[in-house]
Amino acid sequence: MGSMARAVAICLAVLIGGSGVLLTRDARLHAQTATTTPHSLSTAFASDETAARTLLDEYCVTCHNQRLLTGGLALDTLEVSNVGEAAEQWEKVVQKLRGDMMPPPGRPRPVRQAYDGFRAWLEAELDRAAEGTLEPGRVPTHRLNRAEYTNAIRDLLRLDIDGQALLPADDTGHGFDNLAGTLAVSPVLMERYLSAAQRISRLAVGDETIGPGFTSRTYVVPMNMTQNDRMSEDLPFGSRGGIAVHHRFPLDGEYILRIRLKRSVYEYIVNLDEAHELEVRIDGQRVAQFRVGGEAPGKPAPVSFSGTFVAAGDAGFPSQAWDDYRTGADAQLVVRVPARAGTRLVTASFRDRSWEQEGVRQPPLREYGATVTETTDTSPRSEGPGLESLAIDGPYAVTGPGTTPSRDRIFLCGPTDTADQLACAKSILSAVTRRAYRRPVTDVDIASLLPFYESGYAASGFDGGIQSALERILIDPEFLFRIERDRASGTAGGAYAVSDLELASRLSFFLWSSIPDDELLDIATRGLLSDVEVLEQQVRRMLGDARSRSLVDNFASQWLSLRRVAGITPDPNLFPDFDENLREAFRQETELFMESQLAEDASVVELLDADYTFVNERLARHYGMSGVVGNRFRRVRFEDDRRGGLLGHGSILAVTSYGNRTSPVLRAKWVLETVLGTPPPPPPPDIPPLPGPGPADEPRTVRERLAQHRQSSVCAACHAPMDPLGFALENFDAIGRWRTTDETIPVDASATLADGTTRFDGPAELRDVLRARAPQFVETVTEKLLTYALGRGLEHYDRPVVRGIARAAAANDYRWSSLLLEVVKSPPFRMRRPES
Amino acid sequence: MIITRKALSRRTVLRGIGATVALPLLDGMIPALTALGQTPARPVKRFGVVYVPNGVVIDRWTPATAGTGFEFSPILKPLEPYRQQLLVLTGLTQNVDGLTAQSGAVHGRCATKFLTGAIPRPFGQEGSDFLADISIDQLVARELGRQTQLGSLELSLESGDKGAGTCDGGYSCTYSHTIAWRGPRTPLPMEHNPRVVFERMFGDGGSTDPSARRERMQRNASLLDSVREKVTDLRLGLGPSDARKLSEYLDAVRDIERRIQRAEEQVDRELPAYDQPAGVPGTFAEHARLMFDLQVLAYQSDLTRVITFMVGREFSSRTYPEVGAPGGHHPLSHEDSAASREQLSRINIHHAEQFAYYLQRLDATPDGDGSLLDHLILYYGAGMAEGDHQPWNLPIVIAGGGAGQVTGDRHLRFGSDSTATRSLKGGTPLANLHLSVLEKLGIRMGAIHDSTGRLDI
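Just so you know, the protein sequences line up as chains A and B, in that order. Positions 10 to 845 (this note's numbering) are the ones given, in order, by the first sequence. Positions 40 to 496 (this note's numbering) are the ones given, in order, by the second sequence.
Here chain A stands alone, though its shape is the one from the complex (with noise of 0.2 Å):
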């Protein structure tokens, strides 16, 4: 084979297998790279046009060539000297080098010295090269996606909605769902705005023809949630189960709340042997109290009772008397009660009576994978009965709409304040518009909106009116959608700043996924917010309300992946502990966690090490803690180095697992992405499937597995250097629980980086690995909240930009609102280039 035929077999193999190579283990593969390193450029990097020239032609155009054109790069003819002509390669290149993905494993390197000069030295011509030139990217119109019309209605109308009940999901982009380009409009999202404008005008102003339907609801206890304590800080103390919902009273009126307690596999209500005693509040007033169980006639089913039921009548049991009790005793849980209009906490559950057995304490018993025959009676779990579902029915007997938030919100005056109507009528409908669009109202804004407040009124009066108008607010495309108009601008390419109520719009969309509010719209219509120091004030009072807490529910839950907790499913078989109470307590720990840290404006980095988190009694077990006690959170320090920031939450160690087995890929997969930013290339088609456990007599671990997966070249180009990172996270199992043997073999936690230079043994020293890199780490925070701010994706020209909101927040430790700040001051935040 001819030395070029020889490249071009190496570079296809390179192609073909992928390109994702950060880390290998392979030790024969370092001691190739070892005995290969050249001569050149075994020391320093010199910064200079020559040495880069020297260096890819050392070590990268064997492949990137004019002739090969591997990956679509053509080093060799690509210009050093100035880099800014093709910058959108030269990032390429660079962003090639951040994941130490090239030269792939078995191709000479420089040494690390000299490889991380010449990355340093590229991003520097690079961003010297941008200086000169403005391109802030254009983000087209863009439609407010689920959390933010859910928000805007609450800002708008002191309204609290169930937004996902509403509207349909949105889809995600780069990661997020608040991207332009992928929030698009069908029918059925036209018609479901239709349809919420309807029931939110009508919540909103307590339209008092609203009847029972409108918003009943049935709030339903998840099966697997287990009801042994209080539930919720919500619930009364000395409570036991049951459940606590903010409902939404739409009238003064009365209300059916109806009790259904949880059923066993074999529809029969569980633990009713003994009487309990149920208590149902509205606002911390107890409205009702009841009694049920132990009353049961006849002759109960048998305990191996296998579900082919034979009525009465038959000489078998269960009797019919029996039967109907345990299926039908809680059709008495109903109360009728009044309540008045607003949303009020509802909670029912029942008083605590339970005790703890003497002698040694049994574990729980595992549910829905447990056989049936022995679970007639009583919830295979060890505890007492619990509530399925509370159901709020009504208004009946309405007596009028109420004092809501709502209504103060919305009727600055009202029919009776003053002769005029119509003037009144006006007054509000400017004061939600201006709110609603986001501007100054003009009067043509107002005469669309007066024949349907007459309408409205025709119909119904004022409060009718009012309704109408609200309702044909709310599916405006100016409410639906944030719409930047075109301007002329003084610089070379075009770009110009957006107007101050444009950026007001962009500020809280991306502070808080809702629209501006007052002060932010008047500083706004007064042109101030273009002033930086301005600007700066008001991202800090922002920031400082409670409104930022949607960085941690949009932002930080999508980033983190933490949104998939709620789609996790744990083998019941292998995971009987896992219920509903810990997927909520991993949700929670983290969010509390990330909602310290920005409260607290801690530096980014601490994410990947802090040396705290919050936990509740469930969590506390789980991990292994002890002395916390009751279902409160509270903020403990760790007393080992097992846990540490967020690789050690249960939360995003489930997210990335199987159902039934840890996945060191997909762990990996989430580091690269989340953290070094730095994602694997997608696996190409036709993957060979990886191979199953091994016969009962050997058994063999995740880690073994994946060893044999990557014998394969195809795989082995991908995952030779991504499943260490994985590996070293092999020390919790597929729900986040500690473990130090994987089915009775040791759990070997040890992987060594690419340059075999930094071996590390668990998640401790993995911790000290990603430390080490907290520049690129803040580049990676950098990039996903600048993504998230714009809601586009990044493009080659945003690169410089990220690097410089990095660089800058460097200053001030990298804390939050110095990355936060920097994000907005930066040009494709404040600036727009017009439709080319």
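These are calculated hints, taken from the structure and not from any lab test. The C-beta atom is built at its ideal place from N, Cα and C for all residues, glycine as well. Just to be clear, a hint being listed does not mean it is correct.
Said to hold, decoys possible - Derived list of chain A stretches under chain B, where covered just means 3 residues or more per stretch with a C-beta under 8 Å from a C-beta of chain B:
{"id": "1", "stretch": "175 to 186"}
{"id": "2", "stretch": "472 to 485"}
{"id": "3", "stretch": "572 to 586"}
{"id": "4", "stretch": "663 to 671"}
Stated by the list, open to error - Counterexamples of contact, computed for chain B against chain A with all Cβ distances above 10 Å:
{"id": "5", "residue": "Pro117"}
{"id": "6", "residue": "Asp172"}
{"id": "7", "residue": "Arg181"}
{"id": "8", "residue": "His326"}
{"id": "9", "residue": "Ser384"}
{"id": "10", "residue": "Gly466"}
{"id": "11", "residue": "Arg493"}
To be verified - With the C-beta cut set under 10 Å, the calculated list includes, among others, these residues of chain A facing chain B:
{"id": "12", "residue": "Thr150"}
{"id": "13", "residue": "Ala189"}
{"id": "14", "residue": "Val194"}
{"id": "15", "residue": "Leu198"}
{"id": "16", "residue": "Arg201"}
{"id": "17", "residue": "Phe490"}
{"id": "18", "residue": "Asp495"}
{"id": "19", "residue": "Pro843"}
Chain A is fixed; fit chain B onto it per the hints.
Relative to the frame of chain A, chain B by itself:
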């Protein structure tokens, strides 16, 4: 298998569906409310798609013998009672070269190509985060939807919420979450909540009272009229990419206006009594059956003639412990062991059982001179074969008589060797089948992407 009272109890079925259900409907005694002009000689045409994710265990899917009177395979066994209305097609492919040229996103791309024929684009190309083509169900809806209030319905058993975050690298999650595309840039969201589906079909008034519905429709018409005017003004001076979003909005507005118009004409028509479902039932089977009930109801009341349904979103990792498959669907499909294949087969059979329930309901619902099943053309299948997710040797079944145009009780093989086609990359494009099916539905198309001609079925 766990036999519980649930399988026997009427109670449970009713509770899953809602407060009460008109029993005659459940029993399928009410004939379909078909449109004016339907005669036994000219039955109404209907089209449906039922898509299963992650492929299937293909060697347990493929019948061992071909032709009429073929032997049912383990996975297709639950469908055997409907043999006369079933056409099994094996060995069809999606244009492999196009799909494999770029690595990754096998799931999203196979699923999207399934009905569109197009190879979807990754992020950021041509100014959009996604780009495919109109899907055949929507081509059909353009025609058959003229007569009905709803052009089509798009349904799923999995919420888009659960996959939040990234899907296939470099590609939008949209490609895995839906298979229905109204146009190259307009993917249609799939609804998984039966309550919402019900509202879509019968309105959100919680009432089927004609006067209330008429009033609501008139109100919506004037609201839409007003925003339509405003959008026209707003679009002035906007660049093409900004205006595009508003055009989508305008299209949606017009679509609903057409629907209102149609509905007003039909407002006095009696609808079957059916109460609104409470929400998503707790188990997969209950959920599936409720969604199938709603589909039967939609055809029966002639609200639509086109329904696209995903049993799971592509790439789904749902677990099925209730049938002894506690491993996630997707990870199981990548594991090479007897145990994982057994679990996968159970999932495939479980899906087929739900589909058999649907066929049973369609078969029991009179329509014209036959049943809904007699007149429908219904796809059942996947956009990829199995665990290694090759887009060839696809599992495809056509159910329904297509009003006399489809002959059942046949297994047709395509390609040179369809019993062992793991490495066969040639073969007959799925798009050819689409062309033939479209023709049977009265739509003549010259070609769909990689099609090479019509299929003689």
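Fill in: Status of the hint placing A/Val194 at chain B (closest C-beta pair under 10 Å)
holds (4 Å)
Worksheet item: When the nearest CB of chain B is found for A/Asp495, is that gap smaller than 10 Å?
Response: holds (6 Å)
Practice prompt. Test coverage of the stretch 572 to 586 of chain A by chain B using CB-CB distances below 8 Å; three residues minimum.
Written response: holds (count 9)
Item to complete: Report holds or violated for chain B covering the stretch 175 to 186 of chain A, Cβ cut-off 8 Å, minimum 3 residues.
Response: This one holds; 9 residues, not fewer than the three required, reach chain B with a Cβ under 8 Å.
Worksheet item: Is the interface hint for A/Ala189 satisfied, with its Cβ closer than 10 Å to some Cβ of chain B?
Response: With a closest approach of 8 Å, the A/Ala189 hint holds.
Item to complete: Between the stretch 663 to 671 of chain A and chain B, see if three or more residues pass the 8 Å beta-carbon test, and mark the coverage as holds or violated.
Response: holds (count 3)
Worksheet item: Taking C-beta pairs only, is B/Pro117 more than 10 Å away from all of chain A?
Response: Correct as stated: the minimum Cβ-Cβ distance to chain A is 22 Å, above 10 Å.
Worksheet item: So is B/Arg181 really clear of chain A, every C-beta pair being over 10 Å apart?
Response: Non-interface label stands for B/Arg181: nearest chain A Cβ at 13 Å, farther than 10 Å.
Worksheet entry | Check on B/Asp172 being off the interface with chain A, judged by Cβ distance over 10 Å | The claim stands: B/Asp172 keeps its Cβ more than 10 Å from every Cβ of chain A (closest is about 15 Å).
Worksheet entry | Check on B/Arg493 being off the interface with chain A, judged by Cβ distance over 10 Å | holds (28 Å)
Worksheet entry | Status of B/His326, Cβ more than 10 Å from any chain A Cβ | With a cut-off of 10 Å, B/His326 remains clear of chain A, as the shortest Cβ separation is near 14 Å.
Worksheet item: Can A/Leu198 be said to touch chain B, with a Cβ gap under 10 Å?
Response: holds (7 Å)
Figure legend: structure checked against the earlier numbered hints; every hint is met.
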